[in-house]
Every structure is written in C-alpha cells, then in structure tokens.
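Asker: Chains as they are written, first to last, in our numbering: chain A, 1 to 387; chain B, 1 to 286.
Read the hints as simulated data drawn from the structure, not as lab findings.
Quantities reported herein were computed from a predicted structural model and do not represent experimental measurements.
The C-beta atom is built at its ideal place from N, Cα and C for all residues, glycine as well.
Do not rely on the hints blindly, as some may be mistaken.
Pairwise CB distance ranges (calculated) [as the list claims (entries may be wrong)]:
| no. | chain 1 | residue 1 | chain 2 | residue 2 | range |
| --- | --- | --- | --- | --- | --- |
| 1 | B | Ile83 | A | Asn351 | 39 to 45 Å |
| 2 | B | Pro29 | A | Pro245 | 36 to 42 Å |
| 3 | B | Ala43 | A | Leu138 | 29 to 35 Å |
| 4 | A | Ala109 | B | Ala121 | 40 to 46 Å |
| 5 | B | Ile35 | A | Glu352 | 52 to 58 Å |
| 6 | A | Asn150 | B | Leu134 | 48 to 54 Å |
| 7 | A | Lys162 | B | Ile31 | 38 to 44 Å |
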Amino acid sequence: MSKSYKDNMPITAKKFMEEFRRYEKGSVSRRHFMGVTGLGTAAAVLGSAMPSMMPKSAKAGSLGDRLIFSTWPNYHNPVNVENFTNDTGVNIQINAFGSNEEMLAKLQAGATGWDVFVPTNYTISNYVDLDLIQELDLSRIPNHDPSSQNPMFADPATVNGKVYAVLKNWGTTGIVYNSKNLKNGPTSWKDFFDLTMGEGSGHTIVHDYQLTTIGAALCANGHSFNSVDAGELEMAEKLLIESKPHLFAITSDYQPGMRSGDAWMSICWNGDGLQLNKDLPEMKYTLASDGGEIWSDFYCIPKDAPHVDAAYAFINYLLDPKVQVLEFESHGYATGDTRVEALLPAETADNEILFPAAKLMNGLEFGAANTLTDPIRAEVIARFKSA
Amino acid sequence: MTDNKKGSWLTVALLTPTSMWFLFMLVMPMIVVVIFSFGERSAVGGYVASFTFDQYANLPARLKAFTNTLTFAPIGTFLSLIIAYPLAYYLAVKVDRRWRLLLLVLVIVPFWTSLLIRTYAWIFILGGRGIPTLLEFIGLEGIRMINTPFAVYVGIVYGYLPLMVFPIYVSLEKLDKNLLEASNDLGGTPWRTFMQVTLPLSMPGVATGCMLVFILLMGEFLIPAFLGGGKIFFLGNALVDLFVQSRNWPFGSALAVTLVIIMVVTVSLYMRLTLGGKNGRDQSLM
Numbered sequence: 001m002s003k004s005y006k007d008n009m010p011i012t013a014k015k016f017m018e019e020f021r022r023y024e025k026g027s028v029s030r031r032h033f034m035g036v037t038g039l040g041t042a043a044a045v046l047g048s049a050m051p052s053m054m055p056k057s058a059k060a061g062s063l064g065d066r067l068i069f070s071t072w073p074n075y076h077n078p079v080n081v082e083n084f085t086n087d088t089g090v091n092i093q094i095n096a097f098g099s100n101e102e103m104l105a106k107l108q109a110g111a112t113g114w115d116v117f118v119p120t121n122y123t124i125s126n127y128v129d130l131d132l133i134q135e136l137d138l139s140r141i142p143n144h145d146p147s148s149q150n151p152m153f154a155d156p157a158t159v160n161g162k163v164y165a166v167l168k169n170w171g172t173t174g175i176v177y178n179s180k181n182l183k184n185g186p187t188s189w190k191d192f193f194d195l196t197m198g199e200g201s202g203h204t205i206v207h208d209y210q211l212t213t214i215g216a217a218l219c220a221n222g223h224s225f226n227s228v229d230a231g232e233l234e235m236a237e238k239l240l241i242e243s244k245p246h247l248f249a250i251t252s253d254y255q256p257g258m259r260s261g262d263a264w265m266s267i268c269w270n271g272d273g274l275q276l277n278k279d280l281p282e283m284k285y286t287l288a289s290d291g292g293e294i295w296s297d298f299y300c301i302p303k304d305a306p307h308v309d310a311a312y313a314f315i316n317y318l319l320d321p322k323v324q325v326l327e328f329e330s331h332g333y334a335t336g337d338t339r340v341e342a343l344l345p346a347e348t349a350d351n352e353i354l355f356p357a358a359k360l361m362n363g364l365e366f367g368a369a370n371t372l373t374d375p376i377r378a379e380v381i382a383r384f385k386s387a
Numbered sequence: 001m002t003d004n005k006k007g008s009w010l011t012v013a014l015l016t017p018t019s020m021w022f023l024f025m026l027v028m029p030m031i032v033v034v035i036f037s038f039g040e041r042s043a044v045g046g047y048v049a050s051f052t053f054d055q056y057a058n059l060p061a062r063l064k065a066f067t068n069t070l071t072f073a074p075i076g077t078f079l080s081l082i083i084a085y086p087l088a089y090y091l092a093v094k095v096d097r098r099w100r101l102l103l104l105v106l107v108i109v110p111f112w113t114s115l116l117i118r119t120y121a122w123i124f125i126l127g128g129r130g131i132p133t134l135l136e137f138i139g140l141e142g143i144r145m146i147n148t149p150f151a152v153y154v155g156i157v158y159g160y161l162p163l164m165v166f167p168i169y170v171s172l173e174k175l176d177k178n179l180l181e182a183s184n185d186l187g188g189t190p191w192r193t194f195m196q197v198t199l200p201l202s203m204p205g206v207a208t209g210c211m212l213v214f215i216l217l218m219g220e221f222l223i224p225a226f227l228g229g230g231k232i233f234f235l236g237n238a239l240v241d242l243f244v245q246s247r248n249w250p251f252g253s254a255l256a257v258t259l260v261i262i263m264v265v266t267v268s269l270y271m272r273l274t275l276g277g278k279n280g281r282d283q284s285l286m
C-alpha cells in the first residue's frame with residue numbers, strides 16, 4: 001500500500017483498528033458475531049485476493065505471503081495477528097469454528113488448505129489415528145518451553161511418544177447465570193436442569209455441541225461427562241428432550257441471548273463467563289458440583305498444510321510469552337505456561353473464574369477421545385435438536 | 001453442408017456448455033449422493049461403501065424436521081405472497097413512473113448485504129432489548145418474540161419478499177390497462193375487476209414467485225437456526241448437522257434424496273394445479 005493511497009482513504013488502517021478495538025471493548029458479542037459469521041474471514045479473503053491491498057514488508061518472501069488459520073471465535077488479539085503480518089509479510093486468513101466436530105468434518109472431507117488450527121485435547125489422538133496432523137519439529141518452535149508447561153494441560157499433545165501439538169490455553173465448562181433473575185443460582189447440573197424446567201423455564205441456553213450439552217445431562221443424572229454407555233446416553237437424551245420445551249435456545253453463540261436478558265442461564269466456557277461478568281456483574285460463572293469439563297486447546301499443523309514454514313513461524317510467534325500476555329488480555333483464558341503467568345497482574349492469580357478452587361476442579365473431566373467419534377453421541381445430539 | 005446440418009451443429013455447439021454444466025454439476029453429484037445414501041457411516045464418521053436401506057429406515061428419526069419444513073415452507077410462502085402482492089401491485093400499477101425505478105431499487109437493496117448478516121440483525125430487533133422493550137412502554141409486558149415460530153416467519157417473509165415481489169411485478173407490469181377500463185365500462189366493480197381480470201392475468205407471476213420461495217424454503221437452515229434459536233429444526237438444519245457435526249454422510253444423503261423426491265413431487269403437483277388449468281399448455285411462467 002503506497003502512502004498516497006493511504007492518504008486518500010476515509011480512515012487509515014491503523015485508525016480503523018484502533019476504533020475497532022475500542023468498539024470491541026464495549027461489545028464482545030459483536031466480535032463473536034464477526035467470528036461466527038465469518039465476516040472476519042470474508043475481510044481476510046478479500047484482502048488477500050487483492051494483491052495491491054497486501055502490505056509490502058521488507059522481510060516478505062522467505063515464508064510466503066499467506067497462512068490459513070482455523071480457530072475459535074473471540075480467541076485472538078487482532079494486534080498480534082497484525083504485528084505478525086507486518087513483521088513477516090505473511091497475511092493471515094482466520095476461519096472461526098463452532099465445534100471440534102465441525103473441524104474434524106472439514107479435515108475428513110480433505111483439501112482444507114489450513115496451515116495451523118486449534119483443536120481441543122480430546123481430538124488430538126483421533127487426528128493422529130486418522131493421519132490428519134503432522135508430528136511437530138520442536139526445534140522450529142524455540143519459544144516452546146516444555147519445562148514451563150503445566151503437564152496436566154499439555155500432556156494430550158504427545159501421542160505414542162511423539163509430539164503433535166503445543167499448548168495454547170486451558171479452561172473449564174460450567175454454568176453462567178443472571179443472578180438478578182435467579183436469586184438461588186445453580187450449583188450443579190442437576191440444579192441447571194431443575195431450574196430450566198421450573199423457575200427459569202424458557203430462559204436457558206444449551207450448546208449446539210455434543211460434548212458439553214450431552215455431558216451436562218449425563219452429569220445431572222450422576223453419570224460421567226464422557227459416558228458412551230448406551231443406557232446412560234438414553235437417559236441423558238430423555239432429560240434433554242424433556243427439557244427442550246423449556247429452553248430458550250440451542251446455540252453455542254450464547255452471549256447475545258445472555259446480554260439481551262432473554263436468557264438467564266447457559267452452559268458456558270469460563271473465558272466467556274469472564275467476559276460477561278466483566279461487563280455485567282450480575283452474570284455469575286460457576287462450576288457444577290456434579291461434574292463438568294476441563295479442557296486445553298492446542299496448535300496443530302495439518303498433514304497437507306501448504307505453508308509449513310509460515311505455520312511454524314506463526315506458532316512460534318504466538319508462544320512468545322509477551323505475545324501470550326496480549327492474547328490473554330483479549331480472550332481471558334489461562335495459559336498453563338508459568339512464564340506467562342509470571343507476567344500477568346498479581347490479582348489475576350486470585351480470579352476464581354480463571355483459576356477455580358482445587359476442590360471444584362477435582363470433579364471435572366477432560367473430554368475423552370472416543371466422544372468425538374462416538375456414533376451414539378452424534379445421533380443423540382442430532383435427535384435432541386430435531387425433536 | 002446443408003443449412004439444416006449447419007443448424008444442428010450450431011444447436012450442439014450452443015447446448016454443449018449447458019449440458020456439460022448440467023452433467024458435471026448436477027447429475028453426477030446427485031448420483032454420488034444417491035450412492036452414498038445406501039452406504040454406512042464409518043466408525044469415525046464419513047462414508048463406507050455398502051448396500052443397505054438402513055439409512056432410509058432411520059428417516060422417521062427426523063420426522064419433526066419433515067413436519068416443520070412442510071408446515072413452515074407453505075405457510076411462509078403464503079405469508080410472503082399476501083404481503084408481496086399489494087406491494088407488487090402498487091409498484092406496477094399505482095406508483096408514478098418517476099418513482100418506480102427508485103422504489104424497485106429499494107426492494108433490491110437488501111440483497112446487497114448477506115442474508116446471514118441481515119438475519120443476525122433480527123436477533124437483536126426481536127430480542128429482549130428490541131421490540132419487546134418498546135412494547136413494555138405501552139403496557140404489553142413479558143412478550144417473547146425471538147426463538148418463536150413468529151420470529152421464524154418474520155425472518156422468512158423478510159428474507160424472501162423480493163423473490164416474490166419481482167415475478168408478480170413483472171406480470172402485473174405487462175397488464176394491459178385497457179382491459180381494466182373495459183371491465184369498468186362494462187359495469188364491473190373494482191373488486192370484480194381485480195378478481196376476474198387482474199388476478200388471473202398475474203397468476204404466472206404469482207406461481208413463479210411462490211415456486212421460487214417455496215423451493216428455497218424447503219432447503220432453508222439459516223433462518224430457523226438464528227431466529228428459532230435452534231429449537232425449530234428444518235430439514236436443512238438436519239442436513240447441516242449430519243454433514244458438518246455428526247459426519248453421518250450416508251444418512252445425510254438419504255435425507256437429501258428424500259428431500260429432492262418430496263420437492264419434485266410437490267412442485268410438479270403444484271405446477272399442474274396452478275398452470276395446468278384450461279389453457280395451461282400455452283402459458284409460460286413469466
């Protein structure tokens with residue numbers, strides 16, 4: 001982009017990003033919207049489709065000029081993405097996804113063109129079995145320091161002694177509720193469904209995601225979050241279908257409904273809980289006493305990634321502790337990396353949404369690999385939605 | 001070479017691109033879908049070759065998606081029609097020529113933005129902080145709009161109205177005004193003139209508009225997902241689910257084949273009923 005061209009623009013790119021970030025601070029749901037709708041992707045595609053729009057960087061060349069990155073909504077700091085592009089000349093096209101199943105479906109269908117993507121712990125061994133991701137050459141990711149990683153979260157990266165992934169963030173799946181509407185908030189998944197079919201009828205959101213929605217129903221019945229037992233799944237399906245007339249919505253995009261006041265309670269990831277609680281203090285995030293999910297997300301490179309060099313450079317850049325701090329400020333998820341935790345403000349360590357008390361964590365389970373591909377779970381969620 | 005032969009060569013040359021497109025982009029994928037529908041889901045999802053009717057036998061598991069689609073599609077089409085007709089009539093017959101073009105452009109303008117974004121906007125309009133808050137000012141409290149059948153119908157009418165307006169507009173615009181005067185001269189009341197002259201002559205436009213809207217509605221998934229909160233489930237949603245979430249390609253294919261069969265049957269019945277009347281054979285759609 002030449003200087004004169006910039007001068008004629010109604011708003012400079014830098015100014016636009018500043019304004020955009022200000023806007024972001026006010027409304028997270030809008031950001032979520034951009035991610036979910038692929039509007040961000042659309043902009044990225046448009047940008048990369050027009051060679052004259054590409055920033056001409058002095059360093060451009062060695063890594064190529066583009067990278068396709070599949071991740072989750074509200075999960076990255078735009079400043080970091082922009083800086084990487086400025087430093088390397090690599091333009092990043094971001095695709096935002098709603099579930100791991102959706103990512104798997106795309107990879108199974110083939111020819112995604114993805115260079116880096118962000119899967120959750122329980123999917124990695126499946127991707128290895130299906131030969132969809134490559135073993136990582138850690139010497140090309142010097143910012144990755146195994147000794148600074150919390151093994152509890154980082155372990156799923158290693159399958160059969162080989163490292164296929166590096167840790168991004170970790171978090172929990174619990175309940176967010178509006179304490180103005182529900183004076184006695186839920187403390188368990190059993191409460192969650194009782195309130196849904198009682199006092200809070202018509203005001204509950206469950207995810208459009210088999211792992212968390214079926215998992216919540218299983219826990220409410222006293223079963224494991226990860227069960228693939230046909231009988232237990234049948235009971236979970238019964239509970240879900242029984243509660244369906246009382247639901248406000250089945251969607252993983254739950255922030256708009258919670259913010260508008262239509263929904264009083266939702267299955268919730270803790271980072272979203274933190275975002276909601278920051279803007280609306282009456283929004284409380286809680287873990288359920290009868291179970292739930294603890295998860296970690298990773299960076300992986302698909303087997304057929306077209307820009308492997310750029311992929312390594314991008315992952316390495318994102319693992320720089322200073323970059324990770326900026327990422328945290330944007331999405332609010334913990335890192336599991338002691339180097340980053342040392343750089344965060346002291347009060348962060350006391351935040352219970354980020355770092356729940358150990359006694360609440362004990363009941364949580366990591367998603368199990370077989371839930372991803374289990375045909376019964378897939379069919380239960382589909383039947384529940386079409387019931 | 002005779003003229004006749006030249007003509008046939010020309011015909012072949014002109015038809016080749018279309019037939020190739022039709023063959024590679026429609027017929028072949030459809031054959032793949034049919035083949036898949038007799039297969040099985042592999043253990044990790046996807047497709048395994050097989051020959052079984054299990055997928056078709058499992059169709060009742062999506063009964064609600066069928067009944068929802070077959071309720072919302074015709075009612076949504078009808079609602080679009082009764083709202084679009086007066087608008088098209090106004091644009092074609094009543095409005096001053098000077099304004100006509102501007103008003104027509106206004107009907108198209110929404111198409112410049114993706115339906116997805118416009119539908120998402122309705123989430124906020126119909127949500128708790130939108131119209132229901134305004135209604136509270138006039139004393140109507142506790143009205144839920146979003147994630148109800150009402151919201152889905154609003155989304156359908158909003159999204160599909162232009163597709164209904166234009167065919168009707170085109171057929172009304174071609175209407176010979178002398179016929180209306182003649183009816184008037186012969187003592188016909190405005191109502192009778194409308195029922196016996198205007199409406200029958202605009203039927204091709206009505207039929208085309210209804211068909212466009214109905215066919216697209218049968219495959220709709222975005223509006224029920226956004227404005228029905230995922231609780232109002234169409235066949236389109238079932239298909240998205242089976243391919244994108246549960247990766248059950250064979251069952252998804254069986255559902256798709258069934259949907260195509262339903263469409264072919266209903267659309268041909270519909271064409272027979274609306275256009276196959278007394279002089280149906282020589283009536284064109286537009």
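Asker: Each hint needs a verdict: does it hold in this structure or not?
Answerer: Right, here's what the structure says about each hint:
Judged by the Cβ atoms, the range 39 to 45 Å given for Ile83 (chain B) and Asn351 (chain A) is violated: they are separated by roughly 52 Å. One distance hint, 36 to 42 Å for the beta-carbon pair Pro29 (chain B) and Pro245 (chain A), holds here, with the actual separation near 38 Å. Ala43 (chain B) and Leu138 (chain A) have their C-beta atoms about 32 Å apart, which keeps the hinted 29 to 35 Å range intact. The hinted window of 40 to 46 Å between Ala109 (chain A) and Ala121 (chain B) is violated, with their beta carbons roughly 31 Å apart.
The given range of 52 to 58 Å is respected by Ile35 (chain B) and Glu352 (chain A), whose C-beta atoms sit roughly 54 Å from each other. Between Asn150 (chain A) and Leu134 (chain B) the beta carbon distance is about 50 Å. The supplied range of 48 to 54 Å therefore holds. A hinted range of 38 to 44 Å for the beta carbons of Lys162 (chain A) and Ile31 (chain B) is consistent with their spacing of about 41 Å.
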